[in-house]
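Enquirer: For reference, the chains in residue letters:
There are 2 protein chains.
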Amino acid sequence: MGPDLPIQLDQLAIVGTGLLGSSVARAARARGVTRRIVGIDRSAVHRDRALRLGIVDEASTELSHAATAEVVVFCTPVDVIAAQVLALAPACGAGTLLTDVGSTKGEIVAAVESALPTGVCFVGGHPLAGSEKGGPDHAGAHLFEGRLTILTRTARTDPVALERATAFWQALGARVRVMTPDEHDRALAVTSHLPHLAAAALAGLLPPELYELTATGFRDTTRLAESDPPLWSAICRQNRPALLQALELFLGRLENFRNALATDDAEALLALLAQGKKIKQDLAGGNEER
Amino acid sequence: MGPDLPIQLDQLAIVGTGLLGSSVARAARARGVTRRIVGIDRSAVHRDRALRLGIVDEASTELSHAATAEVVVFCTPVDVIAAQVLALAPACGAGTLLTDVGSTKGEIVAAVESALPTGVCFVGGHPLAGSEKGGPDHAGAHLFEGRLTILTRTARTDPVALERATAFWQALGARVRVMTPDEHDRALAVTSHLPHLAAAALAGLLPPELYELTATGFRDTTRLAESDPPLWSAICRQNRPALLQALELFLGRLENFRNALATDDAEALLALLAQGKKIKQDLAGGNEER
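In the order they appear, the protein sequences are chains S and D. Numbered according to our numbering, the first sequence terminates at residue 374, and the numbering increases by one at each position without gaps. Numbered according to our numbering, the second sequence terminates at residue 374, and the numbering increases by one at each position without gaps.
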């Protein structure tokens, strides 16, 4: 398939039919990207829901059922993706494109590239879209529309595979940006992983007697704390060095607030608040993913 | 007016016709609480919009024009409320109820009570509703529906005035809870003021090159950073001791995350994330203000 042709698959396989995997399937179906979709999931509930909702045409527990697809998208937790890719790869035909939606890229891409058989291509991916609500029931065909999907390029990335992965995500409605796995992980530590920690830390300190005294501000600031703890524990652990750096930045800035408050430094406090507002305004000016 | 009768005013005055003041006016109008509404604002833009939108019947720069109202609601920044209450009070008739919507209560209530002339009653108030968007244009008649409004009681609070203030807020659709100013300030330091600092600190550390790599998670976690810096600087400064305590709690919890990450302690990390999620689930279970 030429890189400039629209993607038209005979079979797409989705490994992990949770929110993201089912949304990839729904988007692919809605946009006529594939004739048939196979979903692989060890959860009977997910398989059943994905079949009943028409998200997949076939649901299986067997990873090997994905081997006949031209494109396989791994939508499982970040700490199992690499092993699954390497388990499936030897069974795949030449030219099969394997890709993923994991929130971290460094460990996954390195592990896969260290052992991938020749003829099969892997391109790391991460659509900047999701929800704190999991499962096929919350999946949507429009989840990726206008959103950015990051694809990774390393010295070992096959250029044609990267072009196919780009065409695939664009066919789902996404914009695509190519970065190295390391660039991705350092950026997402700040823009995604740190906000998850901040939300969890803030939610976690609320005593029950104050529940009634929260409003929309507390609710929105802590929304990300509703995310699945095992999934996010794995993400944080895979991105430890960059996340620790981001956390230091955040602690430093909070200490600036503490100092301004402790010394009742009105000017410093105002400047800190104004800096946050300025950046929010710049973001709203058109550079923020919606 | 008996405390069990529905509130029916001849004239309501709103000092400060921004988002909250204009919403109080809209709610009072929609629910037939008053025959006439006077708005006081030094901003010509606010006065003009509030008049054109039918939020107030009369708009004035002169605080003294509020003196003939039976109820006056001060919706100005927390650092000017007490002085305005004390400036207006001597001109008010006996039985006038003065109240406010300030996000802090300790300093305001103490300052007012120390100098209030006899015959005029003040009850501190704080509706747990609002928006990061300011001004009459964003005001809504339904802003307080089903939300909690906190009213303050001290040793000097007139019981009948507290009952009238309760009836007034209930007439706007709010639920009412009575607390001491100190209880209010310690609670709101955690549930509202700390989230504002956290949001501002997180937004403030984002470098421009990462703007494109933010998504809904970053956006929601930092929504409160869009609030008005001078307003929030004043709120933080009025609640310094309690806010500093809340900030210490937050820093301590973030340091727990840092330690779990630094030592790659999977169990501790999972427990911290799970604690945040548990509290979010308990909040969603019905105790959270919506």
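It is possible that some hints are incorrect.
Which copy is meant is left open, because identical chains are indistinguishable; a pair holds if it fits in one copy or across any two.
List time: in silico EDC-like cross-link candidates among lysine to aspartate or glutamate, alpha-carbon distance up to 20 Å [unchecked claim]:
1) 217 to 304
2) 217 to 310
3) 217 to 146
4) 362 to 216
Treat the hints as calculated values from the structure; they're not laboratory data. Remember, it's a predicted structure, so these values are computed and weren't measured experimentally.
Enquirer: Against each hint, give a clear statement of whether it holds in the structure.
Expert: Here's how the hints hold up against the structure:
With identical chains, the CA atoms of residue 217 and residue 304 are at most 20 Å apart both within one copy (14 Å) and between copies (15 Å). Taking the closest pair of Cα atoms, residue 217 and residue 310 come within 20 Å of each other only inside a single copy of the chain (8 Å); across copies the shortest separation is 25 Å, beyond that limit. In the homo-oligomer, the alpha carbons of residue 217 and residue 146 never lie at most 20 Å apart, since the shortest distance is 26 Å inside one protomer and 51 Å across protomers. Within a single copy, residue 362 and residue 216 get their C-alpha atoms only as close as 27 Å, which misses the 20 Å cut-off; across copies the closest is 14 Å, which meets it.
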